[in-house]
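Chemist: Given the coordinates of chain A, work out where chain B should sit on it, guided by the hints.
Protein chains: 2
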Amino acid sequence: MEKGKFYGVGVGPGDPELLTYKAVKVLRKVDVIFIPKSNLEKRSLAFSIVGNYIQNNVEQVEVVLPMTKDEEKLERYWKEAASKIKNTLDEGKDCAFITLGDPGMYSTFSYVLRGILKLDSSIEVEVIPGVSAVNSVSSWLQQPLAEGEESFVVTTALKPEKELKEIIQKFENVVIMKAGKHTEKIASLLQSNNFNCKSLFISRAGFNDVFCSENMNEVSKRSFDYLSTFFIKKYREEEK
Amino acid sequence: MEKGKFYGVGVGPGDPELLTYKAVKVLRKVDVIFIPKSNLEKRSLAFSIVGNYIQNNVEQVEVVLPMTKDEEKLERYWKEAASKIKNTLDEGKDCAFITLGDPGMYSTFSYVLRGILKLDSSIEVEVIPGVSAVNSVSSWLQQPLAEGEESFVVTTALKPEKELKEIIQKFENVVIMKAGKHTEKIASLLQSNNFNCKSLFISRAGFNDVFCSENMNEVSKRSFDYLSTFFIKKYREEEK
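So the protein lines, in turn, are chains A and B. Each residue of the first sequence is one higher than the one before, starting from 1002 at the first, in the working numbering. Each residue of the second sequence is one higher than the one before, starting from 1002 at the first, in the working numbering.
Please keep in mind that the hints were generated in silico from the structure rather than gathered at the bench. No experiment lies behind these values; they were computed from the predicted model shown. Don't take every hint at face value.
Note that identical chains are pooled: a pair holds if it fits in a single copy or bridges any two copies.
To be verified - Calculated pairs, DSBU-like style, for lysine-lysine (alpha carbon to alpha carbon, straight line, at most 30 angstroms):
hint: 1; residue 1: 1074; residue 2: 1199
hint: 2; residue 1: 1119; residue 2: 1222
hint: 3; residue 1: 1179; residue 2: 1043
hint: 4; residue 1: 1182; residue 2: 1235
hint: 5; residue 1: 1235; residue 2: 1080
hint: 6; residue 1: 1074; residue 2: 1179
hint: 7; residue 1: 1070; residue 2: 1235
hint: 8; residue 1: 1199; residue 2: 1006
hint: 9; residue 1: 1160; residue 2: 1038
hint: 10; residue 1: 1038; residue 2: 1080
hint: 11; residue 1: 1026; residue 2: 1074
hint: 12; residue 1: 1163; residue 2: 1235
hint: 13; residue 1: 1119; residue 2: 1235
hint: 14; residue 1: 1163; residue 2: 1026
hint: 15; residue 1: 1222; residue 2: 1070
hint: 16; residue 1: 1080; residue 2: 1094
hint: 17; residue 1: 1119; residue 2: 1199
hint: 18; residue 1: 1182; residue 2: 1171
Looking at chain A on its own, in the form it has when it is part of the complex (with noise of 0.2 angstroms):
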């Protein structure tokens, strides 16, 4: 029998409108989707974008994946979610796997391919891409990430302070996401750095909850999910 076809789809920011008309198209022509979940979650955030979308009587499988640092923990759970997915693949049945934003962003999605790829390396896989949350939260606050010659760096609240101020004070546009509960750390580190640069913040860009300031007093004595962004940028020269 025919192996099935593997698709990875971004189904973009969070408004349903963003989504693409290419995953809106795989989404309705597999057999069978998979929807990640954290272990935190009522709900997929992903699931909830495409729900309108989709035919009625699409196999839909949620897959678990949750939100931990435990390396061996989140192995077992992406090796048992890409076998889950290979044995549907070779039933010969397309399979999608959504993702929030873009496939290739801090996506599960990469572990999931890359483990089912390790099981059978002649998968047919296609990778649908979506609108980021990066670009999300460039478009809400009207600020571009990078124009001319600029460069841009997308990083993440994880990584040490110390490396953090060398990109802030390296780089003429940052993006620090997955913001959560370093919030307050972030935010206190612009505010106590005089690193020349418009800060930003911005919570849930495109949920009807979204949330964004400049002022990182205010920021840092609130607390935020993990779809929590700080944009920073350095000052062009006429704003100095």
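Modeler: Relative to the frame of chain A, chain B by itself:
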């Protein structure tokens, strides 16, 4: 009279199916679509993506924004574009400015928006993010931009060689955009240094004449346009 609203609309990296529902909704409801064109292009690349989605009777206005390093000349063209759009908004017409990829990433939209807001800071603006070239390249190559606690840098081939070298040494993932006529320089840089990285090159991802290669010798011998990108990834432990 009430002024029109100004939309910046990302139309994605090339494949018309990578347009979002939101982009198409906006392009179908505005009164005027502004289409940026370099003086080299016979036809706007961004327009070729949206051509089949928009109404026939929508007003289309081409805006020439040349690719040049002459800052004075650029400034003049941006100002002209900004004032043209501002005048149309003043007539009460909603206007969209389309842009390849995402409006926040190396797009002329940033300059035009700044120009318009300088003329009239009360203009209502909405930016619709798009699938960026960076996400498209990552999907094509089936290589993640970043996983876990990694960072990635997006920079351009216009940066000095010394700076590019430092970035490649320091970061897990580096994307060098706008390779174009600098392709040979970058390919040589990657060949002649022992960065302990996987180097990938891709030109025109998402177009029919896409080309990709891991062979930097081959890459350095051919010529490519500005839609050319290097993607450089540190080897993971198991790949070494």
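Chemist: For each hint, tell me whether it holds in the structure or not.
Modeler: Evaluation of the provided hints:
Proximity of residue 1074 and residue 1199 under a CA criterion of 30 angstroms is satisfied inter-copy only: 28 angstroms between copies versus 39 angstroms inside one chain copy. Taking the shortest Cα distances, residue 1119 and residue 1222 never come within 30 angstroms of each other, neither inside one copy (45 angstroms) nor across copies (34 angstroms). Taking the shortest Cα distances, residue 1179 and residue 1043 sit within 30 angstroms of each other inside one copy (20 angstroms), while across copies they are farther apart (43 angstroms). Proximity of residue 1182 and residue 1235 under a CA criterion of 30 angstroms is satisfied in both settings, with 25 angstroms inside one chain copy and 28 angstroms between copies.
Taking the closest pair of Cα atoms, residue 1235 and residue 1080 come within 30 angstroms of each other only across two copies (23 angstroms); inside a single copy the shortest separation is 42 angstroms, beyond that limit. When the C-alpha separation of residue 1074 and residue 1179 is checked against a cutoff of 30 angstroms, the pair qualifies only within one copy, where the shortest distance is 21 angstroms, while the shortest distance between copies is 41 angstroms. Taking CA atoms no more than 30 angstroms apart as the test, residue 1070 paired with residue 1235 passes between copies only; the shortest distance there is 22 angstroms, against 33 angstroms inside one copy. Taking the shortest alpha-carbon separations for residue 1199 and residue 1006, only the inter-copy value of 26 angstroms comes in at or below 30 angstroms, while the best intra-copy value is 45 angstroms.
In this assembly of identical chains, the alpha carbons of residue 1160 and residue 1038 lie at most 30 angstroms apart only when taken from the same copy (24 angstroms versus 41 angstroms across copies). Taking CA atoms no more than 30 angstroms apart as the test, residue 1038 paired with residue 1080 passes inside one copy only; the shortest distance there is 15 angstroms, against 48 angstroms between copies. Taking the closest pair of Cα atoms, residue 1026 and residue 1074 never come within 30 angstroms of each other, the shortest separation being 34 angstroms inside a single copy and 44 angstroms across copies. Taking the shortest alpha-carbon separations for residue 1163 and residue 1235, both the intra-copy value of 18 angstroms and the inter-copy value of 21 angstroms come in at or below 30 angstroms.
Taking identical chains as interchangeable, the C-alpha atoms of residue 1119 and residue 1235 lie at most 30 angstroms apart only when they sit on different chains, with a minimum of 20 angstroms there against 43 angstroms within one chain. Proximity of residue 1163 and residue 1026 under a CA criterion of 30 angstroms is satisfied in neither setting, with 45 angstroms inside one chain copy and 45 angstroms between copies. For a Cα distance limit of 30 angstroms, the shortest separation of residue 1222 from residue 1070 inside one copy, 26 angstroms, qualifies, whereas the shortest one across copies, 45 angstroms, does not. For a Cα distance limit of 30 angstroms, the shortest separation of residue 1080 from residue 1094 inside one copy, 19 angstroms, qualifies, whereas the shortest one across copies, 55 angstroms, does not.
Taking the closest pair of Cα atoms, residue 1119 and residue 1199 come within 30 angstroms of each other only across two copies (19 angstroms); inside a single copy the shortest separation is 45 angstroms, beyond that limit. In this assembly of identical chains, the alpha carbons of residue 1182 and residue 1171 lie at most 30 angstroms apart whether taken from the same copy (25 angstroms) or from different copies (26 angstroms).
In summary, the numbered hints that this structure violates are 2, 11 and 14.
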